[in-house]
Amino acid sequence: MGVVIELRNVTYSYPLADKPAIKDVSLKVEEGKFYGVIGKNGSGKTTLCSIIRGFAPSFFKGELEGEVLLYGKPMSEYDQGELALHMGYVFQNPFNQISGVKETVFEEVAFGLENFGVPVEEIEERVMDIMKLTKIDHLAEQHPFELSGGQQQRLALASILVLEPDIMVIDEPTSQLDPEGTESVFEIISQLKKARKTVILVEHKVDLIAEYADEIFVLNDGELIKSGDKHDVLTDVSLLDHGVQLPQMAVLGHRLRKRGLNLDYIPITEKEAKDVIGRLIYREAQ
Amino acid sequence: MSYIKIRDVSFMYPNGVLAVENINLDIEKGENIAIIGQNGAGKTTTVKLLNGLLKPTKGAVMVGDMDTREYTTAQMSRVVGYVFQNPDDQIFHPTVISEVEFGPRILKFDEKKKDELVNYALEITGLKEYREENPYDLPHSIRKFVTIASIIAMDSQVMIFDEPTAGQDLVGIQRLSDILKEMLQKGKTLITITHDMEFVAENFDRVIVMANKKIIASGTAKEIFWNPEVLEEAMLKPPHVSRVCRELGLGSNIIRIDEAIEAIIAKT
Ligand SMILES: Nc1ncnc2c1ncn2[C@@H]1O[C@H](COP(=O)(O)OP(=O)(O)OP(=O)(O)O)[C@@H](O)[C@H]1O
Ligand SMILES: Nc1ncnc2c1ncn2[C@@H]1O[C@H](COP(=O)(O)OP(=O)(O)O)[C@@H](O)[C@H]1O
Ligand SMILES: [Mg+2]
Ligand SMILES: [Mg+2]
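Protein chains in written order, with our numbering: chain A, 6 to 291; chain B, 157 to 424.
Extracted from the complex, chain A is given alone in its bound form (with noise of 0.2 Å):
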C-alpha cells in the first residue's frame, strides 16, 4: 500500500521551549489504515498530530528538524488551503473546532462544505445525512454552545467527518462520549476504510483501539518507543512503565498466566479473552 505520509527522523521544539516536544521520530503512514496514537499525557501525541497535519511548525512557530512528507512532497511545499483539502483534523478539545459564527447545529456542520464552495443541495444532503451518523440529527436547531459536553464532542467530529477528507488526524473524539457513543465513533471511523480513508487516532482507551486499529504508535516523552501490528503492541507490559493502559483483557491474560493458567496467547479483545480462556475451561472439562 501506498505512503501517505512519512516522517523522517523529525524533532520538533515549539518556541521558547526547553526541550524538544517530538525527539528523533521516523514513521510511515499508509494509505487505508487505521492508526492508534497512545502514550501518557504530555508524551507528544497532540504534537505528534499537528505535525502531520501541517500546524506545527507553520502555525505553532518553533522549529522543526528532520523530514515531514506527504505523498512525497515535502509538507512545507503544500498551501494551506491544499492542506485542508487533503486533510481533516479534530482538535482534542471541541470547543476549540466549534466556529463560533454559526447559529444552529446544522449550519455549524455545512460550514465547512461552504467554505469548500460545495452546491447547497449537496450540503444539506451530506449533513444530513452526517448528523444522523454522529446522533446529532435531533439537535440540528440547537446552539453549538448550547449543548452537553459529549453532544459538543460529536458536532465538533461531525463537523470534520462531513468534508471526507483522504487523511482525518483526529485527537481523542470520545474523551466526553458515553460507551456507546465511543463505540459508535469507531465503528464510523474504521467504516472509512472501505473508501481508502487513511486515519491517525489519539485515544486513552486501549480497549476500543484494540479492537479496531490495525497499527499503533506509542510515544513516551517524545519519542516513538513502540510501533506496528496492534496485537504485538498491546500485550507488551513494558508499556505500563510507560504510563500507558494495556487493554484489560490483556491485563486479565497476563494475570491469569502469572496465576499458572496456560493461557495459548494474551487477549486484547474480548472475542479473543472468550476464546482463549473458553479453550482453557474446555480442557479442564475434558
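No wet-lab data here; the hints were simulated from the structure. Given the structure is predicted, the values throughout are model-derived calculations rather than measurements. Among the hints, a few may not be true.
Label-pair distances were calculated between CB atoms; the ranges are [as the list claims (entries may be wrong)]:
{"hint": "1", "chain 1": "B", "residue 1": "Pro250", "chain 2": "A", "residue 2": "Asp219", "range": "39 to 47 Å"}
{"hint": "2", "chain 1": "A", "residue 1": "Glu72", "chain 2": "B", "residue 2": "Ile421", "range": "50 to 58 Å"}
{"hint": "3", "chain 1": "B", "residue 1": "Lys393", "chain 2": "A", "residue 2": "Asp219", "range": "17 to 25 Å"}
{"hint": "4", "chain 1": "B", "residue 1": "Pro295", "chain 2": "A", "residue 2": "Leu90", "range": "24 to 32 Å"}
{"hint": "5", "chain 1": "A", "residue 1": "Phe64", "chain 2": "B", "residue 2": "Asn275", "range": "35 to 43 Å"}
{"hint": "6", "chain 1": "B", "residue 1": "Ile421", "chain 2": "A", "residue 2": "Asp219", "range": "28 to 36 Å"}
{"hint": "7", "chain 1": "A", "residue 1": "Asp234", "chain 2": "B", "residue 2": "Leu174", "range": "46 to 54 Å"}
{"hint": "8", "chain 1": "B", "residue 1": "Thr424", "chain 2": "A", "residue 2": "Glu36", "range": "22 to 30 Å"}
{"hint": "9", "chain 1": "B", "residue 1": "Pro295", "chain 2": "A", "residue 2": "Leu32", "range": "34 to 42 Å"}
{"hint": "10", "chain 1": "B", "residue 1": "Asp244", "chain 2": "A", "residue 2": "Arg288", "range": "48 to 56 Å"}
{"hint": "11", "chain 1": "B", "residue 1": "Glu267", "chain 2": "A", "residue 2": "Lys276", "range": "57 to 65 Å"}
{"hint": "12", "chain 1": "A", "residue 1": "Lys198", "chain 2": "B", "residue 2": "Leu174", "range": "35 to 43 Å"}
{"hint": "13", "chain 1": "B", "residue 1": "Ile421", "chain 2": "A", "residue 2": "Arg201", "range": "39 to 47 Å"}
The beta-carbon is built from N, C-alpha and C at its ideal position, and this holds for glycine as well.
Given chain A, put chain B with the ligands in place with the hints provided.
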C-alpha cells in the same frame, strides 16, 4: 432525613430544552456516588442544580437545611463544590496558585488555614511544580486537576466532579481514585459523573443511572451492571470483564478483574 434531597425536580433551559424531568434523589452525608448515563441524559444539569448554579424550574433541592432557591450560588458553593465538565468554564486566574487560592480567600479562611488547604490541594492533585504556571499553558488533563484542587481547597462538605476521568491517562486515573478515597476518609460527600465503566466498578459504593431526563436506577455497581433492562434503557455497557464472564457462564455478578480471575481459576 437525608442530607441532600431532590424532590420532584424539573429543569428547563431558557431556550426551551427540558433537560431534567421530575427527578427524586436522596443522598446521605459521606456517600460516594457515581452518576452514569448517555450524553445529554441530564447529568450535568442535575449536579448544577445541587450547587445552585441552576435553580429548579419545578420542585425543590435541599442540601442540609438549605433550599437552593433561597441561596445565591456563592452561598451554596461553600457547602457544595462543583468541578465543571469543561475546565475552561471554571478557570479565570493567570496562575495555578491564584486560581486555587481564590476559593479559600472568598470564604475568608484565615491565612494559616488557607495556606494549609491550598498546599494540601496542590499536593494531592500533583500540581506543586505548576504553582506559578498559567493554567492555559497546561494540557487539558492537568488543567482538570487545577479545577479539582480549587474545590478541594474550599473544603466544602459536598464535592462534585463532572467527568474527571475524561482524557486522563493511567497515572491520572490512579490519582483520581486516590483523591476520592482520601476525601471520603475526611467525611466528604462525593458525586462523580463519568463514562468510564471500569472506573465505576473499581471506585463507587452506589451508582445512579440517568436516561432521557430521568433517574432510572440507583444501586450498587454490581446491581446496575448486571441489570440488563437498565443497561439497555440507558444504552450502557458493563465493564469488559463482566461481558466476557457472562458469555463464558462464570458467575453472575463479576465487575472487576480480581473477581474474574478467581472465577476463572475456580473453573480450571
Ligand atoms: N446551556 C444550555 N442551554 C440549553 N440547553 C442545554 C444547555 N446545556 C445542556 N443543554 C441541553 O440539556 C440536555 C441535558 O444536558 P446535560 O449537559 O445535563 O447532559 P449530560 O448528561 O451532562 O451529558 P454529557 O454526558 O454529554 O455531558 C441536553 O439535551 C442538552 O442539549
Ligand atoms: N502549544 C504549545 N506550546 C508549548 N509547549 C507545548 C504546546 N503544546 C504542547 N506542548 C508541550 O509539548 C509536550 C507534548 O505535549 P502534547 O503533544 O500536548 O502531549 P499529549 O497530546 O500526548 O498529551 C508537553 O511537554 C507539552 O507541555
Ligand atoms: Mg493531547
Ligand atoms: Mg455533562
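Verdict for Glu267 of chain B, Lys276 of chain A (Cβ pair) under range 57 to 65 Å: holds (59 Å)
Cβ separation of Lys393 of chain B and Asp219 of chain A, checked against the hinted range 17 to 25 Å: holds (23 Å)
Consistency of beta-carbon spacing, Glu36 of chain A to Thr424 of chain B, with hint 22 to 30 Å: Cβ of Thr424 of chain B to Cβ of Glu36 of chain A: about 44 Å, so the range 22 to 30 Å is violated.
Supplied distance hint 46 to 54 Å, evaluated on CB atoms of Asp234 of chain A and Leu174 of chain B: holds (49 Å)
Leu90 of chain A and Pro295 of chain B - C-beta distance against the hinted 24 to 32 Å: Cβ of Pro295 of chain B to Cβ of Leu90 of chain A: about 30 Å, so the range 24 to 32 Å holds.
Pairwise beta carbon distance, Ile421 of chain B to Asp219 of chain A, judged against the given window 28 to 36 Å: holds (34 Å)
Cβ separation of Pro250 of chain B and Asp219 of chain A, checked against the hinted range 39 to 47 Å: holds (44 Å)
Ile421 of chain B and Glu72 of chain A - C-beta distance against the hinted 50 to 58 Å: About 52 Å separates the Cβ atoms of Glu72 of chain A and Ile421 of chain B, which means 50 to 58 Å holds.
35 to 43 Å as the expected CB spacing between Asn275 of chain B and Phe64 of chain A, which holds or is violated: Since Phe64 of chain A and Asn275 of chain B have Cβ atoms about 38 Å apart, the given range 35 to 43 Å holds.
C-beta pair Asp244 of chain B, Arg288 of chain A: status relative to the range 48 to 56 Å that was hinted: holds (54 Å)
Range hint compliance [Cβ, Pro295 of chain B to Leu32 of chain A, 34 to 42 Å]: For Leu32 of chain A against Pro295 of chain B, whose Cβ atoms are near 22 Å apart, the range 34 to 42 Å is violated.
Cβ distance range 39 to 47 Å for Ile421 of chain B and Arg201 of chain A, holds or violated: holds (46 Å)
When the structure is compared with the earlier hints, violations turn up for hints 8 and 9 and for no others.
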